[in-house]
Amino acid sequence: MTSGESSCRPARLERFHATVGALSDGLGVRAGLLDDALVAYRSSCDPGHRAPTEDSDEMVRAVAAALRDLGQWTGAVGGAFRRAGQAAGLPGWFGFDGEMTLADARIEDALGGWSDPYRGVAQGAASQLAGDLGVDYDPDGPPAWVELLGDGATVTDVLGPLLEGAAMGSADLPPGVTVTLRAESGVVAVLADGAVVTRLSQAELSARLMLPTATAPRLATAATWVGRAGAALAFLAGAGEQWYADAGLPPRQRVARAVTRGGTVSIASVGAGWVGVQLGAACGPAAPVCSTVFGVAGAVAGGMAGDAVVTAFPFMRPPPPGEHDLDAITGAIAADEVEVNARVAAQADLQASDLAVLATADDPLLSDRVMSILPDDDVLERIVGYDDTSAPPWVSTGTTTTSTTAPPGPAPAAVSAGRPPPPDPWAGSGQAEP
Amino acid sequence: MADQAVSAPVTPGRFGAGGPNAVTGWRFDFGAADAAADQLLLTSQSLLEAASVIELDVPVVTEDWSGRFREVFDVETLRQDVSLRLLAEGLFVLATLVRAKAIEAAASWSP
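Those protein sequence lines, which keep their order, are chains A and B.
Position 214, counted from 1, in the first sequence is what my numbering calls 214; the numbers after and before it change by one each time, with no gaps.
Position 36, counted from 1, in the second sequence is what my numbering calls 1036; the numbers after and before it change by one each time, with no gaps.
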């Protein structure tokens, strides 16, 4: 490849478009569910006693829209490669998974509908970003940030260098700085102590975020609750990775694995159903009924047989790289019938307890009442520490006496199917009744 | 059946039903607060899941992809990843705030 040329596997870019579209669809559903709950919360709780949740659902929608836009652009680039390849006599049929190399000018011509085919990203920006993050940029390998995050870096680790790298005169950026993300006509400005330092994407975040080096005086200048949220965030910088670790699952692979497997089964199911329909067509006058029966039976058999079926029929090969069960992705992200993971809930309860204690520390009477209704820290810690691969710590193993009585009051969601639910850390809490 | 019972939505809330407070004059629905916190946590998890899917797909997409468009993709996916994870963490923090405020409300329910 020479300068002014680009290479890619167009089909993979187009499949990425489909995957990201499914993610965006799921986030859209999720934003709606979040909106419903927050509207009810705001309408039924006194403003003086509730957290500022306004626009939270809009943040999710904004992120989903930005994600969808990236997916559309990526798919468009893939399509442009394919069309330009066809025009140049290369094998560019839809779904062609091979690599092709073309002049950038050809791709730009085929990339209609995009006023800026490079989305305003300056040449050399990726290397600059990688440099800001302290990693090497290899244009022939996965993006540098994949390796960075794979090594355990968190968003806070990434954000700090990004902010410093993006800020003009970054030497003036203090080590502890209050960072606020705010929507500005669809573009998000990242403000550091009031000054715009960069624009990240079409997302917004009204909560203030503190860099890990945030200092006490700066915490003190923040509003009571929001400022403490920032402190909590610094503490929770690794929460994302930790959630996966707590769940005993490989980081970054839970949904992806599920949807990939689902894709295989789905294709097998559809393929076997097609076989059934073809067999049914041989039934003569009763073909429509016969086809339906064979088709359903074939689909069921396909779904059950899974990998065995796909290996038996050449046309039912496993999905190509990057192809997923899109419905499964949307459903997993929408999470409309899912409970909060007990460990995540326990982590939130631990943090909430600390926040409540801090916020009421200057009122001895109220502080005493708060202390009397807090959940059991030990139980919460045990739930958070449970790795889902050993016997739950709340199950007695040294005696045959096992209580089957449900604890009083609402209990936390079960950690996993087939496991006894953890004890209720709130069981000893006081009840507030009007 | 006990396992199924714990799957039910947390209503009316860990601190009871709440409602209008005849003494203080303010109102608080503890069930709505719990539901709001749960939805914030679920959304936070979904955002991280979305980031995980993209992160897993990126090496597949970028295999044999080089040139000017690839550079744009790298920069844009980094921005998206940061946005998803930032928002996920932000919503987690908001969920803790909702729960903390509910604790405070429960503690101050009776003057």
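There could be a bad hint or two in this list.
[To be verified] Across the chosen pairs, the derived CB separations fall in these ranges: (1) E1063/B with E381/A: 38 to 44 angstroms; (2) L365/A with P1020/B: 20 to 26 angstroms; (3) P1020/B with D377/A: 54 to 60 angstroms; (4) T1024/B with G385/A: 51 to 57 angstroms; (5) A1022/B with E54/A: 24 to 30 angstroms; (6) V1023/B with A361/A: 55 to 61 angstroms.
Don't read these hints as lab results, they were simulated from the structure.
Quick reminder that beta carbons are idealized off the backbone N, C-alpha and C, glycines included.
Exercise. Could you work out which earlier hints the structure fails to respect and list their numbers in ascending sequence?
Key: 3, 4 and 6
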